[in-house]
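Taking UniProt numbering, I'd label the letters of the sequence shown as residues 1 to 275.
Don't take every hint at face value.
[What the hints assert, rightly or not] Pairs of lysine-lysine residues, derived as DSSO-like cross-links and limited to a Cα-Cα distance of at most 30 Å, are as follows:
no. : residue 1 : residue 2
1   : Lys120    : Lys219
2   : Lys194    : Lys237
3   : Lys194    : Lys219
No lab work stands behind these hints: they were computed from the structure.
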Amino acid sequence: MTTHIRELSNHLAAIMPEIGSERLPSLLVQMLNTLVPFDNAVILHYRHDEQPLLIYNDTPPLEIKRQIDTFVSAAFLIDPFYRAAVDYRASGLHRLSDLAPRGFEDTEYYRSYFRYTLIKDEVGFIVHLSADQFINISMGRMTFSQPFNRAQISLLEDITEVIEAVCKQQWAGENGVQQVPENRLPSQLDSALKDFGTAYLTDRETQVVQLFLHGHSTKSIAERLGISPETVKLHRKNSYAKLDVSSQAELFHLFIDSLASLSNYSGGDPLVGYL
1 MTTHIRELSN
11 HLAAIMPEIG
21 SERLPSLLVQ
31 MLNTLVPFDN
41 AVILHYRHDE
51 QPLLIYNDTP
61 PLEIKRQIDT
71 FVSAAFLIDP
81 FYRAAVDYRA
91 SGLHRLSDLA
101 PRGFEDTEYY
111 RSYFRYTLIK
121 DEVGFIVHLS
131 ADQFINISMG
141 RMTFSQPFNR
151 AQISLLEDIT
161 EVIEAVCKQQ
171 WAGENGVQQV
181 PENRLPSQLD
191 SALKDFGTAY
201 LTDRETQVVQ
211 LFLHGHSTKS
221 IAERLGISPE
231 TVKLHRKNSY
241 AKLDVSSQAE
251 LFHLFIDSLA
261 SLSNYSGGDP
271 LVGYL
């Protein structure tokens, strides 16, 4: 514990003068990696009606550039960290496996991002800066590393208030003003997710499709909706036929492409005018 306190103190001494500078994110990641080693980190700034701003990413860009571009354009809407922050206003440190629904590893979302990054375990801080913006700092262990252990998780939990204070100093005030992305998202983009497929599907089919997109398995959906797994499969089959897709992968990419193509969204199913 004494060693950790000394390391934290030394890093904070280096970080504090850099509040407001472009060097702060990398110094913050260095501090976290010294206390609890990890293989890669991503810092995202979520702001109302704008695309997430990628502040820091040390994953090799040539390997996952397409995945990152797709993520910030629309796929972030079904990311478990984003949903926890928006739906439940979760804050502090969380583990991906605790936030994600059962069957998450079998979803196209998981395969599209985690397969390419080889992430085996992920933890992340959620820091709310205001009512409509927050920071997500995610740290990943890859397949060749051991998962985070209980002692490491506890250490990160213990420094949550320090991380929150640094983030708020850096990104909540005038010093944290960042360049606004040119491609702004409609403020109703989250509504577009909720309305996805409603113009073509029954209410129950829409519920099933939404839950599949959010990472739920057939069994999990059946339990949530109080229906049998066979009924879930029937609704999925009918939904696929109506949307002209034949797999979860095609459904996922239809969702991503339809939301990413929005420009002047005024409500309703984003598939209208797209299909």
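Verification of the hints:
Our distance criterion of 30 Å between C-alpha atoms is met by Lys120 and Lys219, whose separation comes to about 24 Å. Under the criterion of a C-alpha separation no larger than 30 Å, the hint pairing Lys194 with Lys237 is consistent with the structure, at around 20 Å. Taking the CA atoms of Lys194 and Lys219, the gap is near 21 Å; set against the 30 Å cutoff, the hint holds.
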